[in-house]
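Colleague: As a plain string of letters, each chain reads:
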Amino acid sequence: VTDPRDPAAPGTGPGDAGTGWYLYGITRHGLEQSAIEGPDESAPAQVLRCGELAAIMRPVSLAEFGPEALQARAGDGGWIEAVARSHNHVISSIHQRRAILPAKFGSIYLHAEDVLSALERDHDALLARLARLEGCDEWAVHLYADRSAVEQGAGSADESVRQLEQQLATAPRGRAYFLQRKLAEVRASAVERALSEIASEGYDRLARLATDSQIRSALSLAENAEGEVVALRAAFLVRRDSEDAFTAEVSSFAEVREGVRFEVTGPWPPYSFAAPEETSP
Amino acid sequence: MSNRVAESREVTLLELLDRVIDQGVVLDGDITISVADVELIYLGLKLMLAPVERLEEYRMVLERAGRRGDGDV
Chain A
1 VTDPRDPAAP
11 GTGPGDAGTG
21 WYLYGITRHG
31 LEQSAIEGPD
41 ESAPAQVLRC
51 GELAAIMRPV
61 SLAEFGPEAL
71 QARAGDGGWI
81 EAVARSHNHV
91 ISSIHQRRAI
101 LPAKFGSIYL
111 HAEDVLSALE
121 RDHDALLARL
131 ARLEGCDEWA
141 VHLYADRSAV
151 EQGAGSADES
161 VRQLEQQLAT
171 APRGRAYFLQ
181 RKLAEVRASA
191 VERALSEIAS
201 EGYDRLARLA
211 TDSQIRSALS
221 LAENAEGEVV
231 ALRAAFLVRR
241 DSEDAFTAEV
251 SSFAEVREGV
261 RFEVTGPWPP
271 YSFAAPEETS
281 P
Chain B
1001 MSNRVAESRE
1011 VTLLELLDRV
1021 IDQGVVLDGD
1031 ITISVADVEL
1041 IYLGLKLMLA
1051 PVERLEEYRM
1061 VLERAGRRGD
1071 GDV
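If you read the sequences in order, they're chains A and B. In case it helps, my numbering puts the first sequence at residues 1 to 281. In case it helps, my numbering puts the second sequence at residues 1001 to 1073.
Quick caveat, the hints were computed from the structure, so don't treat them as lab data. Ideal Cβ placement from N, Cα and C applies to all residues, glycine included. Worth double-checking, as some hints may not be accurate.
So the derived label-pair ranges between C-beta atoms look like this [claimed, not checked]: (1) A:81 / B:1028: 23 to 33 Å; (2) B:1028 / A:223: 41 to 51 Å; (3) A:29 / B:1028: 17 to 27 Å; (4) A:258 / B:1028: 47 to 57 Å; (5) A:184 / B:1028: 21 to 31 Å; (6) B:1028 / A:248: 13 to 23 Å; (7) A:149 / B:1028: 42 to 52 Å; (8) B:1028 / A:225: 12 to 22 Å; (9) A:152 / B:1028: 46 to 56 Å; (10) B:1028 / A:92: 32 to 42 Å.
A few chain A residues facing chain B, derived, Cβ under 10 Å [claimed, not checked]: (11) 87; (12) 104; (13) 105; (14) 110; (15) 124; (16) 129; (17) 142; (18) 187; (19) 188; (20) 189; (21) 233; (22) 269; (23) 273.
With these hints in hand, go ahead and build the complete structure from the sequences.
Modeller: The following block contains the structure:
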């Protein structure tokens, strides 16, 4: 076993001015270097060990990944998409074999030693987080609701909407105008309430089948071109042996609700569950 | 209503960028670009890619990036 801090070990010495270390993620020690796919044959990713942990890193030119270069490319969607896909590809190839804590994009270090000392310092906590992710995938869920379908349902279910509608049917003109406005208000809040209920019920039901879950954004009232609102965006950490139950729950929830559908993407490496519990800023 | 297990490229790309660029673990160390710089890249991308309905989110990302802007290495 080679000590990665041995100055003779490849790439752990102080990088020259033009080189940085691109960190993909952290995994348990024992990963074969050949198991990592991509991204670049000429400068392949390396496995640098620290105790029971290993960092997956690759030397990169700061001409491509330095601050100036990145700022210049901040508006280059094509380049960033390619880099993001490549980042995901490397991490996914590892994720298929063992748990990985994916690094946030842009974790480019001047010295590999910095990463190794961070691994040493947080060794046990990182190991515990990896253990929690073992055998799990992340699933991304969008919950869409057709606003007019929800409005019909909410309108007929809401007592105050019904009462106002009845009064309106027989009201004289002046009063009708007032009732009309009142009805619009009450209807809008009934719809919002119904959408929030759909979102929180959907989230709760999926969260029950997940090891961990995270709301990425709640109800947004703006409609898309199809007249739908995004009721919920959420991420779920799901054990592979619960995956069938999870996807079945997604389908059955949408089936019984008029105007509601899910979009699901996955399985992802556990990007949203890699960082420690957020401490409020 | 039918449920689509989606593979719409746009949703997948947005989810990818949300994850790769906005999430993930950060280790202390001598990082060549600041977290705030990455947030700004993320913001620029989302503005290009995403529908108007999410402008509120970008504003929050921008505020976060601004708030972190001073101290980050």
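Colleague: Of the numbered hints stated previously, which ones are contradicted by the structure, given in increasing order?
Modeller: Per hint list: 5, 6, 8, 10, 15, 18, 19 and 20 violated.
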